[in-house]
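K.L.:
Read off the chains here:
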Amino acid sequence: GESVGLHLPTLSVQEGDNSIINCAYSNSASDYFIWYKQESGKGPQFIIDIRSNMDKRQGQRVTVLLNKTVKHLSLQIAATQPGDSAVYFCAEIRGAQKLVFGQGTRLTINP
Amino acid sequence: DTGVSQNPRHKITKRGQNVTFRCDPISEHNRLYWYRQTLGQGPEFLTYFQNEAQLEKSRLLSDRFSAERPKGSFSTLEIQRTEQGDSAMYLCASSLAAGGSYEQYFGPGTRLTVT
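If you read the protein sequences in the order shown, they are chains A and B.
Residues 1 to 111, numbered by the numbering used here, are exactly what the first sequence covers, in order.
Residues 1 to 115, numbered by the numbering used here, are exactly what the second sequence covers, in order.
Check each hint, because a few of them may be wrong.
[Said to hold, decoys possible] Only pairs whose alpha carbons sit at most 27 angstroms apart, straight line, appear in this in silico DSS-like list of lysine-lysine:
| # | chain 1 | residue 1 | chain 2 | residue 2 |
| --- | --- | --- | --- | --- |
| 1 | B | Lys11 | A | Lys71 |
| 2 | B | Lys14 | A | Lys42 |
| 3 | B | Lys11 | A | Lys42 |
By construction, these hints were calculated from the structure, which means they are not laboratory data.
The following block holds chain A by itself, in its conformation from the complex (with noise of 0.2 angstroms):
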């Protein structure tokens, strides 16, 4: 079926550098995504969203990426900080309703 998918399980980086965190999908009709960060032991916390008429949207040292050609979207953390280490989620909405979320990649963060 369907499904929206992550490129990578794990990535390190050094404090301070700059973060990419990948994600490809394959309904071409998915028009709506968002970021979530989950750290251990708490549930999925928002981070960025994304509407398919949009390429770009930047947050708080967060920017997401949105490539329709090839269905891809990506998350970029600016300066990555020790509370940055999670599981980062990308999320679908289908039907207006429900989240379909990919595997996840853990960040972690060397000092």
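Model the placement of chain B on the given structure of chain A, informed by the hints.
P.N.:
Same frame as chain A, but now just chain B:
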């Protein structure tokens, strides 16, 4: 704390027993969702409510699972005759269906271990 709350946070039960989890959404949110998350995976949709009406159920929600939201506020998820494969984190989320925003706010989850 005005976020989504879930109780209990942890539940250990023996196979065959029934368990019930509770979710209290953000007070003004009219939509409430249940998801299940197993280790190393993303959350999987189970069901959702708009006010008190259960509008969609996943095929993952077998006959042993039932969810209710009787007054359109808190919700319960019951699992009857638990099996070891039911061991997972059960997450609740809520949202306000208005203004074109689909952001769902998640609770901390209830971790179920079936022995």
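K.L.:
Checking one constraint from the list: CA of lysine 14 of chain B to CA of lysine 42 of chain A, max 27 angstroms. Satisfied?
P.N.:
25 angstroms, holds
K.L.:
Given the proposed pairing of lysine 11 of chain B with lysine 71 of chain A, does the C-alpha separation stay at or below 27 angstroms?
P.N.:
Violated, at roughly 40 angstroms.
K.L.:
Do the alpha carbons of lysine 11 of chain B and lysine 42 of chain A lie within 27 angstroms of each other, as the hint requires?
P.N.:
Within the cut-off at roughly 16 angstroms; holds.
Going through the hint list in order, the structure does not satisfy hint 1, though it satisfies all others.
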